[in-house]
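J.: Each chain, written out:
Number of protein chains: 2
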Amino acid sequence: MARSPSRAPQRLTAVRRYLEALQVNAILVTFLPHVRWLTGFSGSNACCIIRKSSAALITDGRYRTQAKEEVHGFKIFIAATSIFEELKVRRLISRSARVGYNPSVLRVGELENLKLLFPTVRFVKVRNFIDDLVSIKDETEIRKIRKAVSISDAVFRSVLPLIKPGASELDIAAEIVYQHRRRGAEADAFEPIVASGLRGALPHARATVKRIARGELVTLDFGCRYEGYHSDMTRTVAVGKPASRLRRIYDAVHKAQQRAVDAARPGMKGSDLDSVARKSIASAGFARFFPHSLGHGLGLQVHESPRLSALSTDVLQEGQVVTLEPGIYVPGVGGVRIEDDVVIRHWGAEVLTTAPKDLMIL
Amino acid sequence: MARSPSRAPQRLTAVRRYLEALQVNAILVTFLPHVRWLTGFSGSNACCIIRKSSAALITDGRYRTQAKEEVHGFKIFIAATSIFEELKVRRLISRSARVGYNPSVLRVGELENLKLLFPTVRFVKVRNFIDDLVSIKDETEIRKIRKAVSISDAVFRSVLPLIKPGASELDIAAEIVYQHRRRGAEADAFEPIVASGLRGALPHARATVKRIARGELVTLDFGCRYEGYHSDMTRTVAVGKPASRLRRIYDAVHKAQQRAVDAARPGMKGSDLDSVARKSIASAGFARFFPHSLGHGLGLQVHESPRLSALSTDVLQEGQVVTLEPGIYVPGVGGVRIEDDVVIRHWGAEVLTTAPKDLMIL
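Here the protein sequences come in this chain order: C and D. Number 221 in the numbering used here belongs to position 221 of the first sequence; there are no gaps in the numbering. Number 270 in the numbering used here belongs to position 270 of the second sequence; there are no gaps in the numbering.
Calculated directly from the structure, the hints in this document are not laboratory data. Mixed in with the good hints there might be a few duds.
Just so you know, same-sequence chains aren't split out, so a pair can sit in one copy or run between any two.
[Said to hold, decoys possible] Below 25 angstroms or equal to it, Euclidean Cα-Cα: the simulated DSS-like pairs (lysine-lysine) are:
no.	residue 1	residue 2
1	210	255
2	164	115
3	115	125
4	52	115
5	125	164
6	115	269
7	210	68
8	255	357
9	279	52
Construct all of the structure, not just a fragment, from the sequences and the given hints.
T.: Written as structure tokens, this is what we have:
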């Protein structure tokens, strides 16, 4: 179980700074990763209400003990019925308040429910500023991500001997999830992807009963959680010597990925970094086979700000942790993806993932 | 990878029947488990638009190949930018349409985005009727759930030898997730709960590095996914002879769980079934230590309709699959939960979970 972050008071202060700028009396936080970032609470049902002079976490009876253990600096309320009802019962929102909420997470029905419970309150959309705050990691957070990355790196090495003709994708996924926990991870970041041969052309294939054959490429995309923070890595390996066409695909992805690593720096737009990798892949003739974005922020969520895509207007900042994961997927042929987790430093990208990127022929 | 359900055409027909009753020209489905139920598509980004004469699935470029493999009976569109933009580009919503959406899943920002894209369209809230349709399983679905349950049952038996003094909770969680995949599951239904000793008083404790000691109870709550469908089971076992107080807690939960199994039948309100277990626990003197609901529907989601809680107005129907999982959690003492998955049949509850419920002393 993760302990409450020691940075919780600074984070609360950082959020409170927005009360005035956004012209609201309170900010309602319903998105669980944001609740966790603010309070340390890791349960599955909660919201926070933050006012100038008070801050409260509301959860339900299942989490009475856990909330007391995890949360400091917030008053804790256990909802008798629903967490929104409890806001009313406990008078945590004053009758004439303007309350800011995040429209990208609050559901239409939830907003209606709030308006029914608080007919005199103005609920106002505010931009998702917590995403921006969350994206900048302090060194304590980076240490947790680094640990999660090192666990996954070790797991990658430990499963290599299993990747051979006749092994099923699920056998390898089973070993990944087992080794994650044996090496101290709390959980997988997501269900491991193990995609061999033609299935490598499905960017988000899960592991199946398919057995690996000689000459195939195998893409492994997996990650874990350590004290709430995630790793996310991808490597593509060859089982026996691959056909020259697959080798060309591999080299194109490898080059594009390395170019992205070399180019990343604070102040750069997410779309520009995406473009570095995309142009590299295009110059190798595979432009139309890279159908996803270059990467994404990583932290308490597996996917968070900033976005590194062709349309992203996010600007990279020091302290952000992002994935760099170009891929090429050719239907009927196969696919390759290579993904590192990197910290944006003032001088560029510090690569956390240590697994080799030269093609491994097993 | 799950194949598209053979029942997809009937499901589409069932949804279309609501067009007239709800007085809409189209129904927009954005909730992924509903998209999967309707179309067979198992990717992570998609929506459907269902009209009288056409039905379309919109996803993104990562899923081009996968969507073709999984989806039948729907036109497939690959979004150039966002899936909602694609609705506009492909003119999948006519200018004067009334389009029904589910306010309990659509986000405020998504609705605004839709209104901007389609200024002449009326977007109207419709009740969550798909939840009701999804809750009634056909025999093909029940077969998949039964298979998922049997995998988890076998995993329970296989981890019993590991539950002994000195083993950590994470060691046991590692074995559960490994064995799930070795026995053919696609994934875990959720991160396994392994809670020993005093941690058993946290209803939703995850596994930690804590080591098991003699005399402790250990609660294991886990499940897996098979062809998209889930299992969810809980057993509490004793490591060595437990204190008489723990034994009394166990017996109270066991009795309450069995009473719920015996009472369940079609036509019964969810709140009434919850009450059967709750009264049983209260009569043993533990009323205030059962802080959660009795159970929930189970299928493509781990938690779905119907709800079995004190406030539930859902009425049990033949073909629904639900969990029955009362628990008692006494801070500073420990906890017990016992959970079966059952199918509601015309004659009562068919219990799918086969692991013993008499207290096992390991």
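J.: When no copy is named, should residue 255 and residue 357 be tagged within, between, both, or neither for a Cα gap of at most 25 angstroms?
T.: For residue 255 and residue 357, the Cα distance is within 25 angstroms only inside one copy (10 angstroms; across copies 57 angstroms).
J.: For residue 279 and residue 52, with the copy left unspecified, which applies at a CA distance of at most 25 angstroms: within, between, both, or neither?
T.: neither (48 angstroms within a copy, 44 angstroms between copies)
J.: Quick one: residue 115 to residue 125, C-alpha cut-off 25 angstroms, is that within a copy, between copies, both, or neither?
T.: both (13 angstroms within a copy, 16 angstroms between copies)
J.: Could you place residue 52 and residue 115 in one of the four classes (within, between, both, neither) given a Cα distance threshold of 25 angstroms?
T.: within (22 angstroms within a copy, 34 angstroms between copies)
J.: Is it within a copy, between copies, both, or neither that the alpha carbon of residue 210 lies no farther than 25 angstroms from that of residue 255?
T.: Neither way: residue 210 and residue 255 sit 29 angstroms apart in one copy and 44 angstroms across, limit 25 angstroms.
J.: Under a CA distance limit of 25 angstroms, which applies to residue 115 and residue 269: within one copy, between copies, both, or neither?
T.: For residue 115 and residue 269, the Cα distance exceeds 25 angstroms both inside one copy (38 angstroms) and across copies (29 angstroms).
J.: Tell me, please, which holds for residue 210 and residue 68 at an alpha-carbon limit of 25 angstroms: within, between, both or neither?
T.: Between. Shortest inter-copy distance 19 angstroms satisfies the 25 angstroms Cα cut-off; intra-copy 47 angstroms does not.
J.: Checking an output row: residue 125 and residue 164, CA cutoff 25 angstroms. Within, between, both or neither?
T.: neither (53 angstroms within a copy, 53 angstroms between copies)
J.: When Cα atoms must be at most 25 angstroms apart, do residue 164 and residue 115 count as within-copy, between-copy, both, or neither?
T.: neither (59 angstroms within a copy, 52 angstroms between copies)
Hint violations for this structure: numbers 1, 2, 5, 6 and 9, all remaining hints satisfied.
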